[in-house]
Amino acid sequence: MKKPLQPVRDFLLSYQTPKNMVDADVFYYKDQQVHYVKLNSEVLAKSLRNEIMLFGEEVECDDFPLGSSKIYGEPHLPIDWEWPEHNYFIAQFNLEDLKTFDWENLLPETGMLYIFIECDFCEDEIPLKAYYYDGPLENLEKAHWPSELLDQAASSLGLEHLVESPVYKCKFKNCLRLGIHPHYEDMDAFLDEEVSHEGVTEFLEGLSNTISEKFECICSTSKTPHKDTMIGISDFDEHDTLGFFNGQPAFVQMEEYPFFEDAGEPTTIYTSDAKEALLFRFSCFEGYANLFITKDDLKNKIFENTQSYYSGG
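Numbered according to the working numbering, the sequence shown spans residues 4 to 316.
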């Protein structure tokens with residue numbers, strides 16, 4: 004049986020790219036690397052990827068059954084675990100809830116994934132942390148916030164939000180994403196309104212709409228669907244989204260553009276090992292925190308070695 008993405012890739016392989024778009028200079032992001040290419044149907048198919056989107060529904064009480072997926076509130080931790088030191092709780096996900104959305108079979112099929120944020124961060128670094136538990140749900144208990152974190156949060160608006168934020172029930176959807184960018188040679192070309200590549204974005208948006216209608220799904224360009232913020236410290240509503248495995252990191256400083264390195268900011272995200280994958284991205288303060296994991300660690304259910312990269316305003 005074909006994988007869910009294959010019919011869409013077959014459609015793109017047979018898609019007649021408009022003449023004015025054929026051979027346009029573009030690049031796409033895959034496996035932590037930039038691929039410089041000429042636009043054609045094969046490139047469209049290769050750039051397609053599945054991203055699991057998370058939507059939140061606010062609830063009045065934090066009384067979920069043990070092992071439920073949720074955002075904010077108090078985590079359901081294993082009885083023999085200590086609350087991670089200097090960590091604020093963000094979300095927990097029962098990976099069984101994600102089975103039907105994991106079209107590329109990257110996630111473990113069972114277990115609890117916990118996301119925390121270290122409280123000793125600065126404006127240039129928002130360190131996310133991942134923890135994993137793969138035991139019986141009856142061995143979980145609702146953990147209460149440590150008093151030292153509550154005291155610290157009382158004097159910080161951002162941290163106070165993490166403690167006092169409403170709790171959200173998780174809803175998941177698939178998003179197919181065409182992660183292609185126009186390729187500009189330098190910053191001057193990027194800022195030039197008359198540059199010939201500006202039609203690429205409009206073409207990709209139109210093609211995404213066609214795929215959405217034809218396959219009854221959500222399809223988007225490299226931009227986040229609905230709005231440009233995701234769940235995080237800033238805002239949260241039914242339109243906010245969060246990308247899971249195999250998604251694209253989110254930036255606010257144009258790190259996705261290769262020429263940005265020449266401006267003095269190294270594009271470390273795009274020069275890292277191709278064996279890494281995006282695990283989680285999170286909107287906080289004036290930027291995005293992107294959490295990465297190696298594919299080997301993911302396969303072996305090892306979450307202690309994740310790396311966090313922050314792009315801030």
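None of these hints come from the bench; they were simulated from the model.
All residues carry an ideal CB built from backbone N, CA and C; glycine is no exception.
Among the hints, erroneous ones may be present.
[What the hints assert, rightly or not] If you anchor each label on the Cβ, the simulated ranges turn out as follows:
(1) 220 <-> 21: 41 to 47 angstroms
(2) 112 <-> 208: 30 to 36 angstroms
(3) 113 <-> 28: 43 to 49 angstroms
(4) 303 <-> 62: 32 to 38 angstroms
[Claimed, not checked] Pairs of lysine-lysine, PhoX-like flavour, derived with a Cα cap of 25 angstroms:
(5) 304 <-> 145
(6) 102 <-> 22
(7) 304 <-> 174
(8) 73 <-> 217
(9) 22 <-> 49
(10) 172 <-> 102
Straight-line alpha-carbon gap residue 73 to residue 217, limit 25 angstroms: Roughly 32 angstroms between the alpha carbons, so the hint for residue 73 and residue 217 is violated.
I want to verify a distance hint. Is the separation of the beta carbons of residue 113 and residue 28 within 43 to 49 angstroms? holds, 44 angstroms
Hey, residue 304 versus residue 145, does the alpha-carbon distance stay inside 25 angstroms? Status holds; Cα separation ~23 angstroms.
Return holds or violated for the Cβ distance of residue 220 and residue 21 against the range 41 to 47 angstroms. violated, 23 angstroms
Does the Cβ distance between residue 303 and residue 62 fall inside 32 to 38 angstroms? holds, 34 angstroms
Supplied distance hint 30 to 36 angstroms, evaluated on CB atoms of residue 112 and residue 208: holds, 35 angstroms
Pair hint outcome, residue 102 versus residue 22 [Cα-Cα no greater than 25 angstroms]: violated, 40 angstroms
25 angstroms limit on alpha-carbon distance, applied to hinted pair residue 304 and residue 174: holds, 24 angstroms
Please verify whether residue 172 and residue 102 have alpha carbons no more than 25 angstroms apart. holds, 17 angstroms
25 angstroms limit on alpha-carbon distance, applied to hinted pair residue 22 and residue 49: Given pair residue 22, residue 49 holds - Cα atoms ~20 angstroms apart, limit 25 angstroms.
Hint check: violations occur at hints 1, 6 and 8; the rest are consistent with the structure.
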